[in-house]
Every structure is written in C-alpha cells, then in structure tokens.
Amino acid sequence: MTIKGILAFAAMGFAGSLAMAEVAPENVAYTDGAIETSLTGTPGDPVAGEKAMTTASLGNCVACHSVTALEAYPFHGTIAPPLDGAPDRWSEAELRGIVANAKMMFDGSFMPAFYKSGPYVRPGDAYTGKAGTEPLPPILSAQQVEDIVAYLMTLKE
Amino acid sequence: MQPRTIRNVLAASVALGLAVTGMASADPVDDELIIDGDLKIVTQAPAPEHLQDVMDTIWSGWHFREDDTRAMQMDDFDNPGMIFVDRGLDRWNASMGTEDKSCASCHEGPESMKGLRAVTPRVDEATGKVMSIEDYVNDCVTTRMGAEALGMTSAPMKDLLALISMQSRGEIVNVAIDGPAAPFWEQGKEMYYTRYGQLEMSCANCHEDNYGLNIRSDHLSQGQINGFPVYRLKDAGLVTARQRFVGCVRDTRAETFGSGSDEFKALELYVASRGNGLAVEGVSVRH
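Going line by line, the protein sequences match chains C and A.
Per the numbering used here, the very first residue in the first sequence carries number 1; after that it's consecutive.
Per the numbering used here, the very first residue in the second sequence carries number 1; after that it's consecutive.
Heads up, some of the hints might be wrong.
Unchecked claim - No farther apart than 16 angstroms at their CA atoms in a straight line, the calculated lysine to aspartate or glutamate pairs in the EDC-like style are these:
hint, chain 1, residue 1, chain 2, residue 2
1, C, K130, A, D251
2, C, K130, A, E66
3, C, K156, C, D107
4, A, K40, A, D30
5, C, K51, C, E94
6, A, K234, A, E66
As the list claims (entries may be wrong) - Covered by chain C, per the in silico footprint, the following chain A stretches (three or more residues, Cβ under 8 angstroms):
hint, segment
7, 53-65
8, 87-94
9, 243-256
Bear in mind the hints are in silico, worked out from the structure with no lab data behind them.
The beta-carbon is built from N, C-alpha and C at its ideal position, and this holds for glycine as well.
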C-alpha cells in the first residue's frame, strides 16, 4: 500500500471509532476539572497505559513526573509531583480530567493538555515545526487517556 | 467553571509530604570557568535589573552541563568549536563576490571586531533594523562584496560567527534595551512568555520557572545565549542562537519561526538582554 493509502486508511479507522461512543475533545464536559464518564465506554487497559506513559511520542509522563513502579524506564523528570499514590489523592474522574486537560484542574499548569484539539497559539504539525490545521488530532487518543487512567488507578499506596 | 488554583494544589501536596520543588542535586554546578588556566570567564552574575523580580542570579548554560562537557570548554585544544574559528579565519581572508574583496580588505584583522559580540543584537542607527552579527555579515556580503547572502545557518556564516564571537571572549554582555531597541525588546519579551504550540509552553516555562530541574534526561538551564555559538556534542556541529530557538519552539509542537525572521531577531535581542552581566564565551561546548 502507498503511504498515502495507509494514511487514508488510518484516518478512516479513526473516524470509524469516533462514530462509536467516543467523546471528541471539543465535547468533553469538565466538572471542577474532572470528567465523570469514560471517554470511550471501553475499560482502560493498564498495560497499554504504562506504555503510553513512558513512550516519548505519546504521554511521556515520566518526562516530568517520577513513578517508583516505572523505575525500569530511565530518567524520570523532577519538574512535577511524583505520581506514587495518585489514586489516594484523586478520584478516577479527577485523574481523567487531569490527563485530558490538566489546566481545567490547575490554573495555568505547565502540564500539557493531552486530549485537546485547539485553539492553540501557532499550532504545529506534531514535531515538524510546520503549521498544523486545527482541530489538531489530540496528543493521546480517547482510549489512551482511559488506559493511562487505568494505570494511574494501580498506583495506590 | 473556575480552575482550581496552583497554590491550593501545592498546599495540598505539601500537606501530603510530597517534594514539589526541585532537588538539590539538580542545581547549577558550583564551578569556575577558567580557559587554558588563565582566562576567567564570568558565568554567574547578579540578574540584570529588568529580571530582578523573577530571579536573583543568572547562570551560563555551562553550569548545567556534566563535568566532562564543562572540562572540554576549559581547554581550547579540547574545545571542538575552535576548528570553526580557524575555518572562520580562512573565510575572513578569502575574496568573494563581484568586487573581489575579502572581509580583511576592509576590516584588516578579525580583532577589529572586538566587542561586537557583547553588544549585539542592537538596533542600527541608520536603518532602524535589529542587527545580529549574521545580519552585519550579510550586509557586507551583499552590498559591499557583490555576493549572494550567506544562509543564516550555512557553514560559512557559522564559521565567521565563531571567529567574530571569539574576538569578544571574556567581555561582559551589555545589550541595549532602551531607546530604539525598546519596541523590539518588548516584542521579544512578549514572545518569551507566550505559550506556543500544542504543548502550550513558553520559553519562561522551561528556562525561568524550571531551570535546574530535569525534563527526562535534560537538565534545564536558563537558556542563556552568552555562550553562542555552541559546539553541540549531540549534533557534532556548531549551533547558533537562532537555530536553537527554531528547535525549542518546534519542540512545543508549534509552527516555528524562521532563523532569519524578524520575530526571532526580536527574541534574540530580548534573550541576550537576560544575560547582561555574563561574559561572552566565544565558542562554548554543550551536549
């Protein structure tokens, strides 16, 4: 298949899954920074969540946060609070809100919004440095957000 | 809805006994930059007046690098950037363009450029334009030598930049921010605090709020440009300040600006002024 063909196919797949139960980034409802209901209706997979949290092109959460259970992945950041015990401090709905758009919970937060499509100042096309067209695809898919929340829920102390 | 304030969250975290602020081990390294055993470079200074409400001390990026990287800059023989300075001298003496002139035809030796690196970017009185060393070089190349402008980040441009910067090594950066520079300085300042791209990050988010801390394996410096051009070990090449800006803005998942853009000229003027008080390093080494 040509690259163009693959992209078109992937786009179709993406649109197809959107058509199911997924809540689009612009339709997410925040209550005091939290998102009460699942973005997909499909339970999160903590194993996939671990991968998304440690992969640079996905969540890359360990760039800023340390997580003792993720010590196998080197170089955790020191910018943000450690995530150990996060579910003791936050409900699942609050964690979903923080991962999707932390600025709804923490005013002016340095933490990027992972499930947001715009508006941005000079939105780019991922890391190419070229212009992107809004609405941008969110950094994480709705299911990846659910997977990460499921992983965070395992960090009870 | 009203977002919860950061202060509330921090208070909650402190109550929970979390270490929210930086770890001591990540602070700038306490060390002195003395080149070849005799030239002391000022790499730490009180913040210039316009920064005093946000920080007390300014540090060169040199303080944020590992021991072996810092050591390379203490010995010109080990500093890979010096090769570019040598090449710059060859270019300085080589004729180019329809006028068959070299830089040396008009300026004699490169030491005639002494002091320039410490006061640029500056606003040119005649034209009212912001001029970096690159802009001066291209002005001569096109209007006096009859040649095509050099690419902003081309090899000949970087070689000449390295040579010219070296002539001011050790001199204290003192970029003007008032008078004709004021509107450009304001423009650069606004850019410095603008949260660009899908990651919504400003220069200040990384280099003012979080310097000394780590983003993954990167030890964040204050993003000072007194050391530029830098020899970057990661790229095995010379990097200019404008090139670094292109990269940092691109890394916020933004549409970046061009290395020769008016926007980055203004930003360079502003960022340079945050280093007023540090010394020009000539050609520095970073990883």
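The hints, checked one at a time:
no., hint, verdict
1, C:K130 - A:D251, "holds, 11 angstroms"
2, C:K130 - A:E66, "violated, 33 angstroms"
3, C:K156 - C:D107, "violated, 26 angstroms"
4, A:K40 - A:D30, "holds, 15 angstroms"
5, C:K51 - C:E94, "violated, 21 angstroms"
6, A:K234 - A:E66, "holds, 13 angstroms"
7, 53-65, "violated (count 0)"
8, 87-94, "violated (count 0)"
9, 243-256, "holds (count 9)"
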